[in-house]
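Peer 1: The lines below spell out each chain.
There are 2 protein chains.
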Amino acid sequence: MSKEVLYLKIAGTVEQQIASETLKVGDKLPSIRTVQKIYNVSLNTVKQAFLELESKSLIESRPKSGYYVSNSYGRRLSIPDTSKPKLYDKEKHPEDLITRVFDTLYYKDITKFSLGVPANGLLPIAKLNKGVIKAMRNLEGSGTAYEPVQGSVNLRRNISRWSFVWAGQLTENDVVTTSGAMNALYNCFIAVTKPGDTIALESPIYFGILQMARELGLKIIELPTHPVTGIEIDALKKILPVIKACCLVSNFNNPLGSCMPDEHKKEVVRLLTQHNIPLIEDDLYGDIFFGTTRPVPCKYYDEAGMVMWCGSFSKSLAPGYRVGWVAPGKFKEKIIRQKLLQTISTPPLYQEVIADFMEHGRYDHHLRTLRHKLYTNCLQYQRAITDYFPENTKVTQPQGGFVLWLELDKRIDTAMLYNQAIKQNISFAPGRMFTQHNQFNNCMRLNFGLKWDEKLESDLKRLGKIVKNAL
Amino acid sequence: MSKEVLYLKIAGTVEQQIASETLKVGDKLPSIRTVQKIYNVSLNTVKQAFLELESKSLIESRPKSGYYVSNSYGRRLSIPDTSKPKLYDKEKHPEDLITRVFDTLYYKDITKFSLGVPANGLLPIAKLNKGVIKAMRNLEGSGTAYEPVQGSVNLRRNISRWSFVWAGQLTENDVVTTSGAMNALYNCFIAVTKPGDTIALESPIYFGILQMARELGLKIIELPTHPVTGIEIDALKKILPVIKACCLVSNFNNPLGSCMPDEHKKEVVRLLTQHNIPLIEDDLYGDIFFGTTRPVPCKYYDEAGMVMWCGSFSKSLAPGYRVGWVAPGKFKEKIIRQKLLQTISTPPLYQEVIADFMEHGRYDHHLRTLRHKLYTNCLQYQRAITDYFPENTKVTQPQGGFVLWLELDKRIDTAMLYNQAIKQNISFAPGRMFTQHNQFNNCMRLNFGLKWDEKLESDLKRLGKIVKNAL
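These protein sequence lines are chains A and B, in that order. Residue numbers for the first sequence follow UniProt numbering, beginning at 1 and rising by one. Residue numbers for the second sequence follow UniProt numbering, beginning at 1 and rising by one.
Simulated from the structure, these hints should not be mistaken for lab results. Mixed in with the good hints, there may be bad ones.
Here are the simulated DSS-like cross-link-like pairs (lysine-lysine), alpha carbons at most 25 Å apart as the crow flies [stated by the list, open to error]: (1) A/K194 x B/K108; (2) B/K465 x B/K423; (3) B/K334 x A/K219; (4) B/K194 x A/K134; (5) B/K112 x B/K130; (6) A/K194 x B/K334; (7) A/K219 x B/K194; (8) A/K127 x B/K127; (9) B/K219 x A/K334.
Just some of the chain B residues that point at chain A, by a computed CB distance under 10 Å [claimed, not checked]: (10) A126; (11) A318; (12) L367.
Chain A residues, not near chain B, derived (Cβ > 10 Å throughout) [to be verified]: (13) T273; (14) F290; (15) K410; (16) K468.
Treat the numbers as computed from the prediction; the structure is a model and nothing was measured. Ideal Cβ placement from N, Cα and C applies to all residues, glycine included.
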C-alpha cells in the first residue's frame, strides 16, 4: 500500500469511529507512537493522518497533551446572538428567583448545574492541606497575629510575579489582597462610585454584581454583549457621558463565556481613560483558558492607573479560602482604607498557603490539569446538549471558564422549567437571574465544572427531556 | 501567744512585706496551708490573718487561684473624671495621628503599648494548631468549599450556647458570623443607617469606630462617659430625638475600661427601644472580666430585637483568625444580605476550629488563664505607673479587657510625647486618636496585654521619665 493511501486509511478509520461515536467528543486519541506501532508505519504517516483529521476539524491537538476528538464534528447547534438589553424596559431585579435557586444549594443529592464553582474533585485538596500545615509552622503566631492591612507580602509578591503570564508589570506594592473577588469588587465600587451614580455592565451578567450594584444605590446600564467578543464598543461609546464607572468580566465572562479581543480591550481602556472613568475589571476566570496562552486583562493596556484589576483563587483553587486580590491602580489608598475599616485585615494563613503553592510551581501545574479537565468537560457537555436538547437550542463555545449559556426556544420559560427540574433533583441557573430587565427568560447557565461520568450524562439527558417536554 | 495575737502577727508580717515591696502588687501569697505549716498554727488562724489583710484591701482572693497582693495598697493615683466632649467644637478627625501610630506597628524592637491585642504568649497557639488539623480532616473538601452565608452552624451553635454565661436565650439561628467584630459593626451600620444620619458613641472611643462612621457619612455625637460606669444616661436622653442609632462598647470599653452597671444597660435598652433606635453593642471584651462573673450585655434586656450584639475572638483567642459574630435581632436578614454581597461567605476552617475549641471546654479553660494573667498584668502596670509616673497622673481601674487610660498633667501633649517615645523604641496610643474633638490631648492608652517582665517594667519606667521630663 502506498504511503499516501496508508495515511488516508488511518484517517478514515478514526473518522468512522468518530462518526459512530466509538470515539466521542473530548476523547483522547492514542499517541502518534502508539498508532505507529499498531499500523507498523512511519511516524510521518501517522502525523499526516492526524493532520488530515485536523484539517477536517475532527480532531485537535493540545500542547503537551496529545490529540483529542474535537467539538466541531457534527455540531448542529449555533451560538447565541449578541444580547440586546431592553434599555427602556422598567427594571425589575430577579431577587425572588435568585433566592429560589440559592435555597436549593445545600440540598443533598441534587446535580447542581446551577453552581458557579468547580467540583471538589478538580481541586488539589491534599496538596493544599500540606500547605496549611507548613504555613502554620512558618507564620508568626501560627497565623493568630494580624497581618499588614494591604495583605500578605508573600502572596502579593507571587500574584505580581504571576502577572508575567500576561506580560504584566505589577509589583507587590501594586496589589491588595481581599476576601475573594466579590470583596475586591465591593471595595472598588465603594472607592469610585456613590449612590445615584450610573455604571455599565455586560448583559447578561453574574447576578452577584447586579445585587451589589443595586445595594450600593447604583444605576445600571446593561450593554449589548456578544458571546464570543464581549461588549459592543459602540454601545459603550454612546453612554460614556453618563457613566461614573464600568465593570467588565473581560475574560470568559460569567455567564456568556465571552473573551474580549485584544483590540477591544485596548480600545475600551483608551475610551474610559479619555473620559476619566475607572474600569473595574473582574478577571477571575483569566487563568482558566483552553487555548495556548492566557488572554491579557484590560489592565495590560492601562497606563493611567484607571483599571482596577480584580481576581481570586475561588474559581481555580479553593472557593472556601476566600482569597482574592485587586491591583487598584491610582485608587490603591482608598482600597486599603476600605479594607481596614471593614475588617482590619484578612487571615494570613490561606494567603501564605497560596503564596507557597504559587512559588513552588504547584499553581501552574494544577492549572494545566484543571484546564485540561474543564475543556474536556466542556466538549462532553456540548456533545451531550447536541444529542439530548432540541435542535433549535443555541449554546456558547467558551474558550475558558466553566459555564455554558444556553438559549432555548422562545416559548420556554426557564424559571418555570426550574421547578420541574428541581423535582427531578437537577438544578440550573435560569437566564432571568442575570439581568435587571425582562429578558433571557428562555436561557439557562450550566456549570461544566462537575465531575463527568455516566450519571452526569444521564442528568443532562433528563434535563434535555424536560426542555423537550416543555415545548 | 494567744490565738488573737498570732493572727495579727502573721497579718503584720505580710503587711510589712507589702510596704517594703518585698511582696509587690500582683504577687501571689503562699497558700493558706503553706502559711499554716510555716507558723505551725491552725488553718483558722491563717484564714483570720488573711481576712484581716483583705479587710484592709491589702490582699484579695481570686476563685480557684489563691490570694494576691492587691492594687489598692498605697495607691496614690486617682481615676480620671467623666469625659466632657466638646460638643460644639468644630470636629477634626485625628487621621494623621492615627496613620503616624499605625506606621510604627510593624517596626521590630518596639515595645508596643499602642497595640490593642494580647501578646502571642497569652494565646493557646499549640492547641489551636491541633484544632486546625482536626478541622481540616472533618470539613467538606477540607475547608475549600463555600459554607452557608450565615456562617458555620457549629460555631453559631457554640456561640449561642456560650451565651448561657450571661443567661442569654440565643439559638444558632440568631447568630451570623463575620470577619471579626469590626466587620460585624460595619454591617450593622450599613443595615440601620444611611449617609447623613446621626449616631451616638462613648467618648473617648476606639478610633476604628470613629473612622468607620465617618467613612459611612454618619454624624457622630460623643457622649460624656465615666471611666467606671460608662455613658451618662441623661446625656443620651437629650439626644434621642436626633439619633438614628447608638453604638456602645458596654463591657470594658476601649479605651476607658468602663463597664455599664446592669441598671444602666436596662435603662438604655428601654429608652432606645421606646424611640425605635437600634443599639449596636460591641461586646468584644465581655469574656475578659476580672471579677467573679461575666457582665451581661445590653442584649440581655432586649425584648424587641433592637440590640445587635457583636463580638469576636480577636481579643481572646486569635486576632489573625478574623472571626467574629453578630446576633442582629430583627435586622438579621439585612445583615445576611450584606455579608453575601460583600464576600459571599467567610472561610469555614477557623470557624470550625473555634467551635471545636468551645465545645470541648478549651475556650472556658483558656479564658480563665487569660483573665488571670491579664489581671495580674493590670495590677503590675498600675503599680509601675504609681511608681514611675508623675503624682498627678490619673489612671483607670478597669475590671476587664486589656487597656489602661491615663490622664496626665494638662500641660502634656501626648501626640508630641509620642515622637519622643518612639525614638526610645516605645509606642503608645495618644488620647487624641480616640475623639473627633480637640480633647484628650493629655491622655494615653496603654496595652497591658504584653508579657510582663523586667524589660517591660523598665520600658514603663522610661515612659514615665519621658512624661516627667516633658513637664
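Peer 1: For each hint, tell me whether it holds in the structure or not.
Peer 2: Here is what the structure says about each hint:
1. A/K194 x B/K108: Given that 25 Å is the threshold and the Cα spacing comes to 40 Å, the pair is violated.
2. B/K465 x B/K423: OK: B/K465 and B/K423 at ~14 Å, within 25 Å.
3. B/K334 x A/K219: 21 Å, holds
4. B/K194 x A/K134: 45 Å, violated
5. B/K112 x B/K130: 29 Å, violated
6. A/K194 x B/K334: 20 Å, holds
7. A/K219 x B/K194: 18 Å, holds
8. A/K127 x B/K127: It holds: about 23 Å lies between the C-alpha atoms, which stays within 25 Å.
9. B/K219 x A/K334: 21 Å, holds
10. A126: 8 Å, holds
11. A318: 4 Å, holds
12. L367: 16 Å, violated
13. T273: 27 Å, holds
14. F290: 23 Å, holds
15. K410: The claim stands: A/K410 keeps its Cβ more than 10 Å from every Cβ of chain B (closest is about 33 Å).
16. K468: 33 Å, holds
The structure does not agree with the numbered hints 1, 4, 5, 12 stated previously, though it agrees with the rest.
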